[in-house]
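**Student:** Protein chains in written order, with our numbering: chain U, 176 to 315; chain L, 3 to 136; chain X, 322 to 949.
The hints are simulated quantities; they were obtained by calculation from the structure and are not laboratory data. This structure is a prediction, so every number in the text was calculated from the model and none was measured. All residues carry an ideal CB built from backbone N, CA and C; glycine is no exception. Careful: at least some of the hints might be erroneous.
With the C-beta cut set under 10 Å, the calculated list includes, among others, these residues of chain L facing chain U [claimed, not checked]:
hint, residue
1, 40
2, 69
3, 70
4, 71
5, 73
6, 74
7, 75
8, 77
9, 78
10, 89
11, 91
12, 95
13, 96
Cross-link-like lysine-lysine pairs, in silico, BS3-like; alpha carbons within 30 Å at most [to be verified]:
hint, chain 1, residue 1, chain 2, residue 2
14, X, 839, X, 892
15, L, 48, U, 269
16, X, 530, X, 351
17, X, 527, L, 130
18, X, 595, X, 942
19, U, 226, U, 246
20, U, 247, X, 360
21, U, 292, L, 76
22, L, 95, L, 85
23, U, 292, L, 83
24, L, 76, U, 269
25, X, 839, L, 76
26, U, 194, L, 76
27, U, 296, U, 246
28, X, 595, L, 130
29, X, 530, L, 131
30, L, 73, X, 530
31, U, 194, U, 296
32, X, 892, X, 843
33, U, 295, L, 76
34, U, 268, L, 73
35, U, 269, L, 73
36, U, 255, U, 194
37, U, 269, U, 292
38, L, 48, X, 715
39, X, 839, X, 897
40, X, 360, X, 530
Each chain, written out:
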Amino acid sequence: MSDNNIFTDFRVQTLVEEKTINFEKFLSGKNFYLINIWSSWCEPCRDESDKLLELKNDTTIMMIGINYKDKKKNALNFLKLYGNPFEEIFVDKKGTISINFGAYGVPETFLINNDNKVLKKYVGPLNDEDVYEIKKITKN
Amino acid sequence: MMRMFMKLKRLLKIKILIIFILTCLSFNNTAISSSFSEEQTINITKNLRCLICQGQTIHESNSDFAESMKKYIKGELESGKTKDEVFSSLIEKYGQWIVYDPGISRNTLLLWSLPLLLFLIGGVIIAKKIFRKI
Amino acid sequence: MIISQLGYYSLIFGLLTSIFIFFNSSVQIKRNDTVISSKTTGLIGFQFFFVFISFISLIYSFIISDFSNETVYSNSHTTKPLFYKITGTWGNHEGSLLLWLLVLTGVLLGFIFKSRHEPSSYRRLTILFHQIIIIGFFVFVLKTSNPFNEIFPVQTEGLGLNPILQDPALGIHPPILYLGYVGTSIIFSAALASMISNYVNKSWAKNIKFWILFSWIFLTGGILLGSIWAYYELGWGGFWFWDPVENVSLMPWLSLTALLHCIVTLEKRELFKKWTIVLCIITFALSMVGTFLVRSGILNSVHTFANDPSRGIYILTFLLVLVLLSFVIFTIYENKNFIQKSEIFPLSKETAVLINNWFILYFLSVVLIGTIYPIFLDVIMDEQISVGPPFYNKLILPFLIPFALFMSIGPSMRWIKTNFKIGLKNFLIIFLTLIFSFITIYFIGKKNVFLLLLFVGFFYLLLKSLDQLRQRTKNFAQILSHSGFSLLLISILLNSFLSNETIKNIQVGESFVLKNEKIIFKKIAVEKEKNYESIIGFFEVLDEKNKIINLRPEIRIYNEPEMATSEASIKTTLFKDRFITINIIKDQNFFNVRYQQKPFMIWIWISTLIIMLGGLFAIFKKNKEFNI
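Can you make the complete structure from the sequences, with help from the hints?
**Tutor:** In structure tokens:
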């Protein structure tokens, strides 16, 4: 594992269907993966939700949500209220998956490519410049 | 006579103490920690900086980040990782900043060697001063 | 409002007085006047008085919550208890610098009274150099940190004081610490003056020794209070973290300790003149470095409130000017009057002092480099590293073993030459040392040669010091401080190896067990206080004899500023502290409970007090000679 690579070999549970799968196997088929750590109790997460919805339109990216230390009910309510930008959401009940990624807290976003290499890391909510930057990377 | 008696008394005391020590040492160390991984976790988290706090270790902090980190480390230890492996994987993820032990690297060579070097220089100066005329 | 203005103009008058004293003294030095006129003494009194008035005005503004004053507005609140309104005066950047200035002018006044029988050229030069420092700080306060800035429109309510600073120990911590910290300034001024007036001799040593002891005692007290505060307020039961803010007060303490040993040698044997002067300069420079680090905000830590680069640059420049000045004076006068006639024999007290200084300066270099290296690395290489306890433990602990051994032998050395014989008594002491150490190691349950050696070192020191009590030439001050030091190290070691701790998430009614003790969570109550609301947990601890101990940890939710703090509940006994804190867990009915058993905790405080007491003894033992 080199500096810029993300650790992906662990098992995770999906939020909606509560299926347990291997995270690494899940990462296939797309050129880019955007991993967003969020929670219903995190206020800045609400602000960045429209930015994430905007990025959802980029077909080269697979949007993955990591639901951080949350209750399922609250999380689903949040998605209903602010929209669901994610193709799949995994549960991080204890916060250990986020530690595995090398994250600090919520919200935090990683853009990785299909070699699991971290291209960009955003601590805190995404803003318009970040969205522009991500789009620029995925276009090339 | 009195002095003799005192001396004998002192010798006796010493003997008692020796016997006491030997009995002490002959017992085995029976202290077994209640939970090994918990103790190991504390051992590690005491040496990690809580990155989102100000001047606190992970062990001391109750922030979300610190709490997750404690659970993560406990999990890693229980899955068979060693202390060093846990440290090095965290440094890979978060950088050298997270550990309170700066370790020896190109960047910290001076940090470790400078005080020791000063100690040696001080020793030479003092030795010269004392043994100047001998 | 008027009072605030009074404070401000009082500061201006203070500055003008300082400038006048400075020129007046220079003229008198040129004229070579033989006496210090009562006019000069009076002016120095006035100077102190002006700063004092200014300081009182600021305290008054805090008491009446005068929110037209920016400092009061930013750091106080009407609902705060009176005591914390007062201590809030120096709990911020501006107020603490005014305190700096108060001590700075105060020690000069004290010096004038204490040095009536000293040569006037030496006194006048001391006044002159001290005025340079005073003027420097006056300008600093007025230019960058004026405590009397007004704000428009006048606010009706203040922003409040950080709750973790609302604590009795921390309230009196800064004045005590500053008396020690800033007290070193007069040592610096006097050292420069003594060089120029050719007065680096026994009488000078006697004169300046008072101020060295003065600073040393208060600095020890200040560090002690800070540690006690950290222990029960920061909520995890530690008392020393090797945090840069702590290191900053430890550094001048180390250098003062080295200086203390040197000054006695100078007094007795007229030795180490150059080195003593260098130490005087280093000590004050370290105080300035500390002020720079804390006040510039270059360290990112809880204690640091200020972060304006102009302040940092000013202090740094001023420090460099002072260091340069002392360097120039030192090189000019170095060879003129520092001829050393006496010899040093290897087996003598002089050697012991040198070795003492060698080790202390090494410890100092470890702390200094550990504190500032990360800053340099960050600036130059853009790499961030943390230098924490493991670094200090690795570089300091091994050296404590020989240090303790030298410290044990040192005091029984004689001045000039010692003949060594190892009698039965010495043998017995060594024997007892080994016994104590083995027993301790057994109880700790760690079979570790290194640890054993550490205990051997400190038990030997303790027994050797106590043994000296029986000797005719006993020197009570030294015995107290040395036994206090060995006791301190033994307590710290025992405390760190025998402490137990557990963290549990439990609900009301549940209980848990830690080493023969059962901890029961009885109930929760909510109480409303003047400036906070507190959630109190009622806990019962059943000890090994089934005795019940009640503990009441709190979570305080302060309203201004809005912030939650965790208040530990501690029950202290001679052998063990029981320490408990609680925290709320988000979205759950559980409480996060942290329970600790900390043996010999109170001995850490007691032994530090004993160390201080040694210093007090040395000060008040007037006629008898003070030895090391």
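**Student:** Checking each numbered hint in turn, tell me which of them this model violates, lowest number first.
**Tutor:** 1, 10, 20 and 30
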